[in-house]
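Under the numbering used here, think of the first position of the sequence shown as 1, with each following residue one higher.
It should be emphasised that the hints constitute simulated quantities derived from the structure, not laboratory data. Small disclaimer: the values here were computed from a predicted structure and weren't measured. Backbone N, C-alpha and C fix where the C-beta goes; we use that ideal spot for every residue, glycine too. Please note that the accuracy of each hint is not assured.
Unchecked claim - Here are the simulated lysine to aspartate or glutamate pairs, EDC-like style, with alpha carbons at most 16 Å apart:
| id | residue 1 | residue 2 |
| --- | --- | --- |
| 1 | 5 | 28 |
| 2 | 5 | 75 |
| 3 | 31 | 11 |
What the hints assert, rightly or not - What follows is a set of in silico ranges between Cβ atoms, one per label pair, in the way DEER data are often shown:
| id | residue 1 | residue 2 | range |
| --- | --- | --- | --- |
| 4 | 7 | 29 | 13 to 21 Å |
| 5 | 35 | 4 | 30 to 38 Å |
| 6 | 3 | 64 | 20 to 28 Å |
| 7 | 3 | 44 | 35 to 43 Å |
| 8 | 62 | 32 | 14 to 22 Å |
| 9 | 6 | 40 | 36 to 44 Å |
| 10 | 40 | 5 | 22 to 30 Å |
| 11 | 35 | 73 | 27 to 35 Å |
| 12 | 71 | 17 | 21 to 29 Å |
| 13 | 42 | 73 | 30 to 38 Å |
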Amino acid sequence: MAEQKTMVQTEILADGVTYLLAQDQDLDELKRRIEEAVATAGTFVDFVVVGNRQVSLLVTPRSRMSISVATVLFDARDTGDVDFPFGGHYDLL
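Can you make the complete structure from the sequences, with help from the hints?
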């Protein structure tokens with residue numbers, strides 16, 4: 001039996017909304033930007049999610065966020081390239 005390829009998937013839960021980060025996102029850098037945003041009255045933090053979609057999240061001192069990491073099956077489409085989105089509104093199925 002062929003071995004299945006896996007990848008690490010990072011999930012951010014922000015004020016009850018789940019975001020799955022695209023593979024090319026630097027988690028340490030994103031955490032730093034979130035921490036900086038919390039120290040302000042409110043700042044938008046940009047990142048790319050699975051489906052290669054850009055998200056701008058307004059982070060304030062009252063924002064509730066958690067980050068979790070899991071190993072999932074590999075998806076070659078998950079490149080983080082916003083010029084080639086997939087899934088959701090872009091699927092024809």
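(message) Please check whether residue 3 and residue 44 have a Cβ separation lying inside 35 to 43 Å.
(response) holds, 41 Å
(message) Given a hint of 30 to 38 Å, does the C-beta separation of residue 35 and residue 4 actually sit inside it?
(response) Between residue 35 and residue 4, where Cβ atoms are some 35 Å apart, the hint holds.
(request) Hint says 21 to 29 Å; check whether the CB-CB distance for residue 71 and residue 17 agrees. (result) holds, 23 Å
(request) Determine whether the Cβ-Cβ distance between residue 3 and residue 64 falls within the hinted range of 20 to 28 Å. (result) Taking Cβ atoms as reference, residue 3 and residue 64 lie about 39 Å apart, which means the hint is violated.
(request) Hint says 27 to 35 Å; check whether the CB-CB distance for residue 35 and residue 73 agrees. (result) Between residue 35 and residue 73, where Cβ atoms are some 31 Å apart, the hint holds.
(request) May I ask you to test the hint 13 to 21 Å on the CB atoms belonging to residue 7 and residue 29? (result) The hint (13 to 21 Å, Cβ to Cβ) holds, given that residue 7 and residue 29 are roughly 19 Å apart.
(message) Holds or violated: the 36 to 44 Å window for the beta-carbon distance between residue 6 and residue 40?
(response) Once the Cβ atoms are compared, 37 Å apart, the range 36 to 44 Å for residue 40 and residue 6 holds.
(message) Would the hint linking residue 31 and residue 11 be met if the CA-CA limit is 16 Å?
(response) holds, 12 Å
(message) Quick check: does the Cβ-Cβ distance between residue 40 and residue 5 fall within 22 to 30 Å?
(response) The hinted range 22 to 30 Å is violated for residue 40 and residue 5, with Cβ atoms some 40 Å apart.
(request) For the range 14 to 22 Å, tell me whether the beta carbons of residue 62 and residue 32 fit it or not. (result) holds, 20 Å
(message) residue 5 and residue 28 were given as a pair; does the straight-line alpha-carbon distance stay at or below 16 Å?
(response) Not OK: residue 5 and residue 28 at ~24 Å, beyond 16 Å, violated.
(message) Checking one constraint from the list: CA of residue 5 to CA of residue 75, max 16 Å. Satisfied?
(response) holds, 9 Å
The structure does not agree with the numbered hints 1, 6, 10 stated previously, though it agrees with the rest.
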